Amino acid sequence: MKDVERCIPSEEKYLEAFHSIYEGLTPGHKAILNKSYQHCYFMKDNRRLRTWELSEAAGYDGDSSGPIGHLGAKFCEFFGVKDDEFGQPALAIISWFADEINGYWYIELIPEAARAFKHFHLEAV
74 MKDVERCIPS
84 EEKYLEAFHS
94 IYEGLTPGHK
104 AILNKSYQHC
114 YFMKDNRRLR
124 TWELSEAAGY
134 DGDSSGPIGH
144 LGAKFCEFFG
154 VKDDEFGQPA
164 LAIISWFADE
174 INGYWYIELI
184 PEAARAFKHF
194 HLEAV
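The sequence shown begins at 74 in the numbering used here and counts up by one.
Since the hints were derived computationally from the structure, they do not count as laboratory data. It is possible that some hints are incorrect.
[Said to hold, decoys possible] List of simulated lysine-lysine pairs, DSS-like, C-alpha gap at most 25 Å: (1) K86 to K155; (2) K86 to K108; (3) K86 to K103; (4) K191 to K147; (5) K86 to K191; (6) K191 to K103.
In this text the structure is predicted, and so the values were computed from the model without any measurement.
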């Protein structure tokens, strides 16, 4: 894979994206966003979210990387960028990394997306 500079949209752009695409998301994609958001603000056991926890929240078996990739592709489409401009489409909405000690894969919402999702929920109330 080629080296790609990761350009993160502003909080305002993410808020626009949530208003535009949220209602059209699958229940699983909404569950992934909600679980990611909740964990971001109320970090369980003072640790990051594991990929299998997103799968469990969304009712999927196994790893959640595929559904997260599809979700990221929707954001790429909204932002008018090709999937590979983020490196992988999921990186349009989340960051993920492997823990060097335990080998688990961890996920977290991009801070701009997390703040926008918080505002999106406040506006919906």
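Right, here's what the structure says about each hint:
1. K86 to K155: 16 Å, holds
2. K86 to K108: 21 Å, holds
3. K86 to K103: 18 Å, holds
4. K191 to K147: It holds: about 19 Å lies between the C-alpha atoms, which stays within 25 Å.
5. K86 to K191: 14 Å, holds
6. K191 to K103: Holds, because 14 Å separates the two Cα atoms, which is no more than 25 Å.
Of the numbered hints stated above, none is contradicted by the structure.
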